[in-house]
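As given, the protein sequences belong to chains W and Y, one line each in that order.
To get this note's numbering, take the position in the first sequence, counting from 1, and add 28.
To get this note's numbering, take the position in the second sequence, counting from 1, and add 1457.
FYI, nobody ran anything at the bench for these hints, they're computed from the structure.
Wrong hints could be hidden among the right ones.
[What the hints assert, rightly or not] Footprint (simulated), chain Y over chain W, 3 or more residues, beta carbon under 8 Å: (1) 59 to 71; (2) 75 to 88; (3) 123 to 131.
Each residue gets a CB set at the ideal place from its N, CA and C atoms; glycine is no exception.
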Amino acid sequence: AQKITQTQPGMFVQEKEAVTLDCTYDTSDPSYGLFWYKQPSSGEMIFLIYQGSYDQQNATEGRYSLNFQKARKSANLVISASQLGDSAMYFCAMRETGTGNQFYFGTGTSLTVIP
Amino acid sequence: DTAVSQTPKYLVTQMGNDKSIKCEQNLGHDTMYWYKQDSKKFLKIMFSYNNKELIINETVPNRFSPKSPDKAHLNLHINSLELGDSAVYFCASSQRTGGGSYEQYFGPGTRLTVT
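Just chain Y, with the same shape it has in the complex (with noise of 0.2 Å):
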């Protein structure tokens, strides 16, 4: 069973267009995540999200946005695109609540291309 899923895994896309990035847990964990990797493999987070905090990086430029229609799902929006979007996005997800490590669990990643 896969923990954390995301499609599509590849998106080529031209600037300007909006697109989403879904993303989906089977853990049971009360927080996700959306990172972007880029080329020189530098991991930023972008948003934390559970159903009670939505925590933005403030770099995050408002064109991104996370959408969550429930506990297993975050999904992220990018409007009016640009080339330097071009990257891959992680999801992930934790349990931030209860004790343990609170490990991240990261999904397989979408590599997205803007031309």
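Same shape as in the complex, but just chain W (with noise of 0.2 Å):
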């Protein structure tokens, strides 16, 4: 089974308009952590927000929340005022305490912000 599901390929969303990227995991260690990524064009991964799946409430940072169901294993990134800037590939990722902390990454959703 997938460890991580990013099932949107790709998303548009009008600038300054509000986008969720979703992302389903799959684990049964108690401990583990969630990230997502961006990839803008230029190449490089750029790590946006972290949570615990101990932490009780959801992460934000910024204009990057991170909306934590734990009992529906979802861990959708939300993104607030999109900019043009914010055209990427987007990346969810899982890190198990269990497996040594090993980290999985979803196949990514490319999201396009049209002016």
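Make the complex out of the two chains shown on their own, each in a separate frame, by following the hints.
This is the structure we're talking about:
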């Protein structure tokens, strides 16, 4: 089974609107971490936000927030007030403590912000 | 200061050649990784390595070998290059012990083209 599933290969959003990128995960480990990374067309991988499995509140970093629904095993990224510079590939990832902190990445979602 | 650096950024070579990609991190992290990103942007972990343990993805051909002269460096050697090895290779590092989120920091990537 896939550890990380991103079902949206491509998304479009109007500038200044909010957008949600979906991510579901699969683990039986009670201790894990969830991450989102951004990869712009220039190619570098940029860490955006982190959510720990025991964190009670949803993580937020500026315009990024992580909608963590533990029972549904989902960790959606919400980008508020989209900007043209948000156009990029977005990867969801998970770290499992029980496997020695191994990382698993999803297949990515390509986000295009329309002016 | 660059946290994770890779050289070269671009590498064009012919089939059958042997090549190396160098990676250095100045974050003091205990673990380093190599990823391959194919043309569809899928990220595949190849190796993770700290000073105690090398974990090899079983699907990686043995033509690929990581070599770590010290904790801050993890180089990737590739023997007998094949056309299918053309991809972007990312080095990353993280701190896998001591608590915290353990997010991975990525290098800028090396675009390898085999002709």
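Hint-by-hint comparison with the structure:
1. 59 to 71: holds (count 5)
2. 75 to 88: holds (count 3)
3. 123 to 131: holds (count 5)
The earlier numbered hints are all upheld by this structure, with none contradicted.
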